[in-house]
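Participant: Here is what each chain is made of, one letter per residue.
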Amino acid sequence: MRRLSVLSALSLAALGGGLALTQGCSGGSSSGPAVEADGRADMLVIPWQSDIGQLTPGVSESAADGYIMQMINYPVVDAAFDCSLKKAPGIVTEWEWSEDGTVLAMTLRDDITFSDGHPLTAEDVEFTYDLVRDPVVASPRVSFVDRMVDGKDPLVIDDHHIEWHFTQAYDRDTQMSHASSVPIIPKHIMEGADRASLRGHDYSRNPMSTGPWKLAEHDPNVRIVMEPNENFTGPAEDRTKLKRVVFQIIPEYNTRLLKLQAGEVDLMESILVSDADALRENHPEINLVKRGYRSNDYVAWNLSNPLFQDVRVRRALAHGTNVDDIIGKLLTSSDGTAYARRSVGTITPELCGVHNDSITPLSYSQEEARRLFAEAGWTDSDGDGILDKDGEKFEFTLTTNTGNSRRAQSSVFIQSNLAEVGVKINIEQLESNTFFENLRLKDYEAALAGWSAGLFVDPSGLWHSDVVCAEGQEDCTPKKYEFNFTGFSNARADELIDQGLRTPIPEEAAPIWMELQQVIYDEQPYMFLWWQNEIVGVSDRFENTEIDLLSPYGHLQRWSVPADRVKY
Amino acid sequence: MANNGINASYLGAAQLVGLALSAVSTAAFGFMSTPTYIALALSFVVFLVLLQSANLLLYFLRKLVLAIPLLLGVCTLIFILIELSPGDISSKFFNPNVTPEVKALIEAKYGLDRPAIVRYGIMLKNIVMFDFGRSMSQERPVFEIIAEALPNTLLLSAVTLLIIFPTGILLGTVQGVKNGRPADTGISISSLFFYSMPSFWLALMLQLIFGTYLGLLPFSGPYDLNAFDQTGWQHFIDRCIHLILPGLAMGLASAAGTARYMRSSLLEVIRQDYIRTARAKGLPEGVVIRKHALRNALLPIITLMGLSLPFLFSGSVLVEQVFAWPGMGRTILLAIFEQDTPLIIACFFMFTLVVVAGNILADLAYALVDPRIKFD
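Same order as they appear, the protein sequences are chains A and B. Taken in order, the first sequence gives residues 1 to 568; the numbers are from our numbering. Taken in order, the second sequence gives residues 1 to 376; the numbers are from our numbering.
Please note: incorrect hints may appear among the correct ones.
[Said to hold, decoys possible] A short, non-exhaustive set of chain A residues, derived as facing chain B with CB atoms under 10 Å:
(1) P47
(2) P135
(3) A138
(4) V142
(5) S143
(6) V149
(7) K152
(8) E191
(9) A196
(10) R199
(11) V225
(12) P251
Keep in mind the hints are simulated off the structure, nothing from the lab. The beta carbon of each residue, even a glycine, is placed where N, CA and C say it ideally should be.
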């Protein structure tokens, strides 16, 4: 028994000791912040919800993988966003289109090398796309080469000149993106790799670097440390100014927020509107930046349900919902800053050359809603407060996914708004996988969901009737995924989509997309709600930050801290 | 009776030695270190030697054999549950930017296009071979992932045990001795307060109070993630202080519970004749409590230790998530979100093993404490 008590005493002493030591430790630990001999200073700390997966270009998947790969791979073509994607030279210094838009010639820089000193050449680009095309690899980007000529994707002219041959011309921005958005894999390292097990290849743990940063440390599920790539041979202005970037894996939102408030991390993405007020008041050192409208919420009406087949009914439902009020209550901070705007389609307003600004959202008007319901035959004939027609009540289930408080709260607002015009809504929350599976199978009545918009316009997956299986159709294999959840089918919309996708020059395609948005909005297959503006909080000691639609931390090599504000 | 008491205390001591060894070695040498496993194996051997008698060993082996169908049953049940839930690892490729063939290719790559019964067979074979295959979401051997996560959870559990039992026993003893006086009432109220607090809320409050307001203790991660170039000692101390808040979040409620047990157990013992005898022969009250009462009152608490292991593991799921602790709890959550079948199965296999081990330990402790229970 004595042993037990001695052990207990020891363990308590150890805990007590730990407590005392913390204060000692946090008081004066390291030598203090300093500007390094090479002029680099300070460190940027970013909390991430989850860890990276694959860093091998072509098989990487998550957004986190993409951010790390942007740091370690010099971009083939650099991008900035201003109303549309603007291309800037990267590894490719010049590019030229053939007259018919099916051949894209590129000139590559000759000073970019992999971190082992091996120069990056046209051979590596060819090898990279050969991997992407190989079905054994199962690359998520295999569709990039769909409309490229096999063997000429690209065609190597010499070490620094290549040509991409397309089977047809399509939207030029998309063509360019297909030819430039896979980071380059070093052929001399990966040539002999087993393609079937490219995911999980050791390269992912020790990736070669052509960019300003290198992966210095990866402690799985704990942290990722990026340090300057001392073998970087690219342009001098792309040398890093910070000496380190640390990504901490913190799964809990609240813990990330506490760390931001405590100054232990410098930048946090996806801050909830409800937390923005407190941050603004108590932490003036944290700048709150809006990233732009990238994701939306909508209510999809299942058009195979008799309840929603009349467009007057769908318009009445939209008139009966006070979307502005919901935005004011859920997506506006107390100082009046709105972090959302009403949506009129699935093309983000950030694509300002394409987004149809002339569409006025349907106004909130109970009178108009009642009028349209009555026109469609729905009246409250028995006086129970619920509309009815031929003995049937206007009642349906609005389904949404769990784990999204904004959608859960919105559904209640919609329910109470529409109850006032005689619509009975039952709310159902489903686990996300089940929810999306039901959407895919069109096994729902109405669904509150959302899209994260692409920066290229391709509405075919969402709105083309080709991807809808007609009732009773036996061997229905849609050309694309069945993302047309509502079963929307409109001849004019199909025509516009086909025409738009065949038009290479974006300026020429714009009017087509504008008309398409109007056609879809008039039909109201969705009740379009809003576009949310993501809030990013960032410490104000950083300069030259780039927080936009493309990335919450674009071009990290340009970020810097003035000498008198260096923290680490 | 006395002899059994000694055996029981040896057992408790062996358990603590093992856990403390693994805790110290894990903290000192980092994850995945061989010393951790050697320490665990050593404490197991010490434990077996302490058992001494052959029928105990037989009993132990029989329990182990009986655990096999249980393990298989759990794995089968989990497999069925995964099968019944919609989607699989390829679901993440259900995305407007990815063509359907990629999903098909991924399904083929992981054999998800094969009939469930075939995949079940493969899973059984893997379990029998003690090889859990490759994780689909992390694309590396499942064993490697578990070898990284398990020591972290064991370490946290060890610290939690060190918080639960010494604190609980100390408080319960004070309460028992000061029965009915303000100290007893005070501790009763505060332990009831902690006992009834939901652990996620306790975790958040600890983070808020000690981490943010007071700034005394680190509140996430296994070490200071912004620190570089730490010396061995600095790292060791850093790791130790990072254990305090998650340990408290996991242990406080149970410590409060243990205090309640300890109090009632001590009160029962204090009423016994031999305590009256001890007092009557003039022993100082301190000696009466320490040497006579406490020793006997501790027996049921030791049994409680073995039973608490499974709860430590299930509690870790939430606490590890909140404190960004890279252990089994987080691994299993991630695996479920990613629908990574091999990793889910392996995690539940390990959880079951721990539950089985906890039960065996509890059985043994019962038998050692109470001579009326026989191993045959």
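Participant: Does each hint hold? Answer for all of them.
Facilitator: These are the hints, each one checked on the structure:
Interface hint status for A:P47: upheld, as the beta-carbon distance to the closest one in chain B is roughly 9 Å, under 10 Å. Restraint check, A:P135 versus chain B: the minimum CB separation of about 6 Å is within 10 Å; hint holds. For the restraint placing A:A138 at the interface with chain B, the shortest Cβ-Cβ distance is roughly 4 Å, inside the 10 Å limit, so the hint holds. Interface hint status for A:V142: upheld, as the beta-carbon distance to the closest one in chain B is roughly 6 Å, under 10 Å.
Annotation: interface hint on A:S143 holds; nearest CB of chain B at approximately 4 Å, less than 10 Å. Using the Cβ-Cβ criterion of 10 Å, the hint placing A:V149 at the interface with chain B is not satisfied: the shortest such distance is roughly 18 Å. For A:K152, the interface hint is violated, the least distance from its beta-carbon to any beta-carbon of chain B being 21 Å, above 10 Å. Hint status for A:E191: violated, given a least beta-carbon distance of 20 Å to chain B, over 10 Å.
About 7 Å separates the beta-carbon of A:A196 from the nearest beta-carbon of chain B, less than 10 Å, and the hint is met. Annotation: A:R199 was flagged as interfacial toward chain B, and the flag holds, the nearest CB pair being 5 Å apart, inside 10 Å. Of the supplied interface hints, the one on A:V225 holds, with its beta-carbon coming within about 8 Å of a beta-carbon of chain B, less than 10 Å. Taking 10 Å as the C-beta contact cut-off toward chain B, the hint placing A:P251 at the interface holds, the least distance being around 5 Å.
The structure shown violates the earlier hints numbered 6, 7, 8.
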